[in-house]
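> Single-letter residue listing:
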Amino acid sequence: MNVIDRDSLVGMVAGPLVWGAHFLTCYIAIAVACAFEFETGGPGEWGTVKTILLAVTGIALALIAVLILLAWHRWMQAGGFEKPRDSTQARHQFMAVGGLLLCFLSVVAVIYAAVPLFFLPACQ
Amino acid sequence: MTFRSARDLEEADRRDPGLRQLRSTWAPPKGFARLKEINNTFIGMLYVLTGIFFFVVAGILAALIRAQLAVPENDLISADWYNQIFTMHGTTMMFLFAVPMMEAIAIFVIPQLLGARDLPFPRVSAYGYWAYLLGGLMVLTSLLFKVAPDGGWFMYVPLTGPEYSPGYGPDFWLLGIGFIEVAAIAASIELIIGILKFRPPGMSMDRMPIFAWYMLVFGFMILLGFPPLVLGDILLEVERAFDWPFYDADRGGDPLLWQHLFWLFGHPEVYIIFLPGAGVLSTVIPVFARAPLAGYVWVVLAAVGTGFLSFGLWVHHMYTTGIPVMSLSFFSAASLAVAIPSGIQVFAWIATIWSGPGVLFRAPMLYALGAIFIFVAGGLTGVMVALVPVDFQVHDTYFVVAHFHYVLFGGAVMPVFAALHYWTPLVTGRLMSETLGRWSFGLIFLGFNVAFFPMHLTGLRGMPRRVYTYPADLGWDWLNMISSIGAYMVAAGVAVFLWDWLYWHRKHGQVAGYNPWNAGTLEWHSVTPSTNFSMRSVPIVSSTYPLWDEPELGDRVDRGEFYLPDSPDERRKTLRTGSVMGEPRQVIFLPHPAWSPIIAAIGTATFFGLAIFKLWWLCAAAALVIIIAGIIWMWDAEPLPAPNRYDVGRGETLPVHINGADTHGFWAMALLLIFDAAAFVSLIFSALFLWTVNRDLSPPVPEAEPGWALAAAGLAVLASVFFRLGAFANRRGSMIGLVLGPLAGLPAMFASGGALMGSLFDAGISPTENAFSAVYWTFAGWTGFHIGVGTIFIFYTLARALAGKVTPERRQSVMNVELFWHFTTGLALVSLIMIHLWPRVI
Amino acid sequence: MGWQITSQSNPRYDSMQGIQSVFEPRSIQADAILALSNWVFAAGSLIFVLVMALLAWAIISRRRHPPLRNTVFIAIGGFAFPAVTLSILMVFTVLVSLHITSPAGENAVRIHVTGHMWWWEVQYEGPDGERIETANELHLPIDRPVSITVTSEDVIHSFWIPSLAGKVDMIPGHVNEITFTPTEAGVMRGQCAEYCGLQHAKMAFYVVVEPAEQFDQWLEEQAQPAVEPVPDLLKAGQQAFVDQGCGSCHAVRGLPGAVGQIGPDLTHVGSRLSIGAGWLDGSVGNLAGWIASSQHIKPGNRMPSFDRLDGKTLRALAAWLESLE
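Chains as they are written, first to last, in my numbering: chain A, 1 to 124; chain B, 1 to 842; chain C, 1 to 325.
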């Protein structure tokens with residue numbers, strides 16, 4: 001069974017998927033923590049939930065770093081910057097670079113989402 | 001032999017039997033029966049025309065709005081009318097123009113762009129189109145009787161709930177738009193499979209025309225973005241019709257639930273509209289810059305990245321609803337991040353223009369450049385409204401009106417005009433007038449900026465949106481007057497365009513002939529207007545711009561040197577290829593024109609129309625019509641010729657019928673279930689959301705005999721096992737097993753559904769009691785609905801089996817139905833968890 | 001109809017210009033937001049001009065490639081530049097968000113505003129925590145934090161005074177809070193910013209920011225019951241109020257039977273700048289006009305037009321209401 005060639009299309013969008021998981025975790029954690037008032041960490045204070053989310057951010061970034069390494073590896077295997085010799089190599093380069101760039105975008109998006117953790121109170 | 005004019009084609013027809021066969025195979029029915037036609041060129045053309053019709057209607061409504069607001073304290077239009085007009089302007093533009101128009105263009109152009117003869121499911125396109133037309137007309141009709149929805153296109157509860165809008169207005173909206181969503185889903189599944197599986201040989205993913213990439217992302221976004229709205233629609237309609245209090249704050253519901261569901265759809269929606277527009281720009285700009293798109297992989301990344309990030313923006317429409325500022329900032333972060341892919345695209349376009357030998361300022365390019373100008377401006381104000389503090393001030397003011405008109409005009413309307421100027425020769429064989437094009441572009445571009453730039457100021461000076469009038473002297477008077485003048489300039493520009501598009505160019509336009517723009521993509525490979533079957537033969541492609549890189553390719557296609565160059569059996573067919581590499585895998589026998597799609601669409605329209613007036617028994621009759629039409633429609637599915645090989649030309653043969661997960665039928669079922677699952681997840685989200693907002697009410701624990709729930713779970717699993725056995729037996733060639741499996745599974749599934757509802761009855765839970773009990777019953781109802789639909793599938797499959805249409809070699813329909821049933825079992829189990837386990841755990 | 005109102009006249013205020021404008025900030029919070037908006041607008045304009053200049057250059061240029069290689073050009077212009085700029089902006093905006101949403105503190109003026117279709121019910125917390133009821137107008141002291149909690153009786157509204165703060169939605173079942181500190185005296189206008197049905201356009205109110213002493217005095221006056229009428233005309237007006245059953249919808253504290261909750265509290269209606277929720281200047285003539293033809297002025301609102309009243313009664317009723325200072 002070959003639903004979407006796993007080593008290509010899914011590999012390509014893995015970075016954004018990590019971003020999505022990180023984003024949802026942050027949103028849900030804060031919503032639940034504030035609704036049931038088990039977090040009141042003020043601005044700059046590291047209460048439980050904010051600390052956990054910081055850790056989650058670290059994990060997300062680490063995951064994307066791994067994905068970047070993998071994509072980089074795939075890219076180098078496909079010849080890196082050199083001009084592709086045939087269509088297979090061209091496709092492999094395309095898939096690898098696409099995945100790589102999407103990972104970079106995801107890194108930026110994850111970091112942006114983590115910025116408020118450093119400055120804002122959890123629930124206000 | 002090269003085709004440079006329509007006459008060449010006629011001559012070739014006389015000499016070339018293969019071409020003659022193709023032409024007769026794909027000839028549309030004559031006269032009234034023409035309505036049976038399902039081919040994408042015909043349906044796409046109707047789709048585009050209908051989209052423009054709704055655009056004009058919505059534009060007239062906009063003109064009325066601007067007339068009313070031109071001067072303060074105007075009494076030209078009453079408050080009542082005004083509210084209906086602005087609601088219908090937004091609703092029509094978003095649901096009846098923007099999204100369907102993009103589908104329309106894609107349905108028309110994607111198969112030609114991809115060297116396919118048609119989309120994978122032509123009847124589904126036809127059904128989707130007729131559903132869209134009838135649903136759209138239904139919604140518009142309400143305006144004629146002054147009972148149009150007047151709660152805004154965003155339909156916020158409780159204003160649109162049973163208490164504050166007892167009339168039919170919201171029902172027209174909910175059921176009419178709900179109906180049109182059917183068309184959107186149809187188109188999205190069609191496009192995803194069409195793009196992934198119906199490309200020409202050799203067109204691997206890295207060589208796809210960029211427009212196809214955009215439409216692929218578009219398809220997935222519809223598939224995941226529309227379900228929350230569909231669910232929100234259903235919940236609101238059920239609240240209005242049966243008093244289930246999902247949104248009623250007095251009974252544990254929450255008006256904010258609607259806002260979450262609406263914007264979970266509504267923000268992806270903005271990008272659902274923008275991405276195809278950007279796709280048009282990425283297609284048109286290289287043609288007129290005379291250079292390949294710069295940074296192809298970057299643009300692909302931008303489209304895919306936008307698709308993802310756009311799902312993390314929905315709360316930025318809800319900054320002022322009292323959500324903690326921490327949460328708001330997450331959404332602010334995503335809203336800023338999504339600016340990056342937009343930046344990438346703009347720079348890719350600029351780089352493309354730079355790499356060419358000089359820009360050809362033809363009408364499509366003018367519109368494309370205008371689009372960049374307007375879109376960049378809208379993007380930058382988008383960054384402003386993404387900032388929480390700034391949005392606190394400008395939210396729901398004319399600043400936001402200015403912002404999103406910039407984004408949507410730059411990101412969608414201008415690209416649509418570019419696309420129409422660019423691709424119309426494929427339909428009419430003539431170019432649109434350059435002179436009129438310049439006039440229409442000038443008027444629209446100038447008028448747009450005159451109309452909408454001042455609105456930034458109007459908003460910052462304090463004017464809220466959606467007001468039917470305003471007092472004089474607050475500093476808004478002359479700004480509004482200027483905006484109104486600009487709006488009428490746009491109207492004049494659109495009028496010039498319409499005159500040219502609908503009449504002038506068809507009579508006096510320059511004959512387009514072969515590849516009038518010197519474009520590089522396949523739709524221009526031969527003489528215009530293009531044929532119903534789009535390609536004389538399906539070519540082997542070796543680059544992103546095949547016509548540029550192999551100038552003789554078009555002629556070779558026309559000579560029939562490639563795949564499927566004839567049609568001796570008079571059957572419509574196309575080639576299916578691998579998703580990533582694009583290698584030929586199968587010949588698809590496509591359906592021929594039929595009445596069933598249009599009858600099913602009329603049935604669906606009748607169903608939704610009667611539901612507005614709560615005529616449930618007549619609705620049931622309409623549902624019966626849909627089911628019968630559906631069964632007739634599907635009866636000849638899975639064609640299996642003997643032998644199961646077809647000579648595709650070039651000395652190769654391919655199978656016609658295959659089974660398994662790689663088939664387009666299985667993919668369609670899987671994608672439909674992804675859509676379904678996304679709506680179901682939205683329901684779970686609703687339950688969790690209501691739990692977090694309710695301080696005084698926690699989800700009630702259903703005090704039922706545990707036997708009910710356990711029986712329901714056990715029976716559901718048992719049913720799945722029976723279906724598996726039935727499918728297994730079919731594979732082994734056992735007809736008895738095939739019949740017995742489902743016949744044993746069906747009662748088990750019914751018993752499971754019954755036990756699920758029984759557990760709620762036994763616990764004395766009534767859906768009108770509070771929001772949670774209503775959600776429980778929705779879980780049960782959702783499962784029940786699937787059991788009902790699955791039952792029809794079962795009897796349909798059994799009937800096919802008895803007719804000898806299900807064999808071990810021909811088991812795809814069994815596989816699809818089995819997948820559906822396992823999904824239903826999953827729904828039953830998750831529903832049980834949400835009803836019986838979840839309230840106990842929390 | 002002598003009382004018909006065709007156009008709105010100015011309330012007691014020098015000029016309407018700018019009284020509902022983000023560009024005229026009169027609080028710490030509105031100042032901070034405007035400063036942020038101005039910075040971003042300036043930076044955005046600059047970027048817009050630069051991008052358009054690049055586009056123009058690309059069109060004119062005959063070099064057949066951008067100043068850098070295509071991918072480098074896209075990577076820097078489309079990715080690196082926005083990523084860096086936006087990350088600075090992200091930090092900046094989070095800091096401003098923190099600044100403008102910080103709690104009001106102990107000595108804040110506490111006000112509860114409830115949205116109705118289409119007017120504002122206002123309750124001040126008095127010095128002893130008692131509720132002082134008024135409607136469609138706020139008075140606020142300078143330089144003291146204000147905390148306004150809002151909710152709604154019917155549909156969603158949004159509370160917005162552009163000169164003082166951003167919006168906050170009034171949602172049934174939710175109580176939201178907004179805080180700000182006015183820094184300048186003056187009259188401002190606020191308006192409902194969330195579409196709330198037929199007369200959304202005519203749901204506004206006035207805000208008077210004044211020195212602390214004046215505010216204290218005003219609040220004290222608002223806490224008093226209505227004054228007893230002395231002259232005959234005013235007595236006749238009060239009688240008309242009772243006879244017409246106005247008290248079943250409107251409260252006038254001190255007048256027996258006038259305890260209605262459907263419409264605004266009228267105990268001190270004569271002191272207000274406007275009637276009809278910020279739509280008409282609160283003059284005696286407009287009061288009479290409103291009573292006689294409220295359905296003409298604001299169609300669909302819940303008050304019927306009392307066009308059956310004879311001129312004399314109407315004048316007396318309006319005069320009495322105007323006297324309720």
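It should be emphasised that the hints constitute simulated quantities derived from the structure, not laboratory data.
From a predicted model like this one, the values you see are computed outputs, not experimental measurements.
Some clues are possibly wrong.
Claimed, not checked - Simulated restraints, written as ranges between beta carbons of each label pair:
| id | chain 1 | residue 1 | chain 2 | residue 2 | range |
| --- | --- | --- | --- | --- | --- |
| 1 | C | Pro299 | B | Phe32 | 45 to 51 Å |
| 2 | B | Asn518 | A | Ala65 | 42 to 48 Å |
| 3 | B | Ile833 | A | Ala65 | 51 to 57 Å |
| 4 | A | Gly79 | B | Pro643 | 42 to 48 Å |
| 5 | C | Ile76 | B | Phe453 | 27 to 33 Å |
| 6 | A | Gly79 | B | Leu710 | 42 to 48 Å |
| 7 | A | Lys83 | C | Phe92 | 55 to 61 Å |
| 8 | B | Glu705 | C | Phe92 | 14 to 20 Å |
| 9 | C | His65 | B | Ala642 | 54 to 60 Å |
| 10 | B | Ile674 | C | Phe41 | 37 to 43 Å |
| 11 | C | Pro103 | B | Ser698 | 48 to 54 Å |
| 12 | B | Phe453 | C | Ile59 | 49 to 55 Å |
As the list claims (entries may be wrong) - Chain B residues, not near chain C, derived (Cβ > 10 Å throughout):
| id | residue |
| --- | --- |
| 13 | Ala6 |
| 14 | Pro28 |
| 15 | Leu64 |
| 16 | Met138 |
| 17 | Ile234 |
| 18 | Asp396 |
| 19 | Asp473 |
| 20 | Gly475 |
| 21 | Met489 |
| 22 | Glu570 |
| 23 | Thr606 |
| 24 | Asp647 |
| 25 | Ala711 |
| 26 | Phe795 |
| 27 | Leu802 |
Where a beta carbon is used, it is the ideal one built from N, C-alpha and C, also for glycine.
> Look at each hint and say if it fits the structure.
Verification of the hints:
1. C/Pro299 to B/Phe32: 45 to 51 Å: 49 Å, holds
2. B/Asn518 to A/Ala65: 42 to 48 Å: 46 Å, holds
3. B/Ile833 to A/Ala65: 51 to 57 Å: 36 Å, violated
4. A/Gly79 to B/Pro643: 42 to 48 Å: Check passed, 43 Å falls within 42 to 48 Å.
5. C/Ile76 to B/Phe453: 27 to 33 Å: 30 Å, holds
6. A/Gly79 to B/Leu710: 42 to 48 Å: Hint violated: Cβ distance 59 Å, outside 42 to 48 Å.
7. A/Lys83 to C/Phe92: 55 to 61 Å: Given about 44 Å between the Cβ atoms, the range is violated.
8. B/Glu705 to C/Phe92: 14 to 20 Å: This hint is violated: roughly 60 Å between Cβ atoms.
9. C/His65 to B/Ala642: 54 to 60 Å: 58 Å, holds
10. B/Ile674 to C/Phe41: 37 to 43 Å: 42 Å, holds
11. C/Pro103 to B/Ser698: 48 to 54 Å: This hint is violated: roughly 28 Å between Cβ atoms.
12. B/Phe453 to C/Ile59: 49 to 55 Å: Once the Cβ atoms are compared, 23 Å apart, the range 49 to 55 Å for C/Ile59 and B/Phe453 is violated.
13. Ala6: 35 Å, holds
14. Pro28: Check passes; 43 Å lies beyond 10 Å.
15. Leu64: 16 Å, holds
16. Met138: 24 Å, holds
17. Ile234: For B/Ile234, whose nearest Cβ neighbour in chain C is about 21 Å away, the distance exceeds 10 Å, so it holds.
18. Asp396: 4 Å, violated
19. Asp473: Check fails; 4 Å does not lie beyond 10 Å.
20. Gly475: 5 Å, violated
21. Met489: 21 Å, holds
22. Glu570: 49 Å, holds
23. Thr606: 32 Å, holds
24. Asp647: 44 Å, holds
25. Ala711: 37 Å, holds
26. Phe795: Holds: least Cβ distance 46 Å, greater than 10 Å.
27. Leu802: 56 Å, holds
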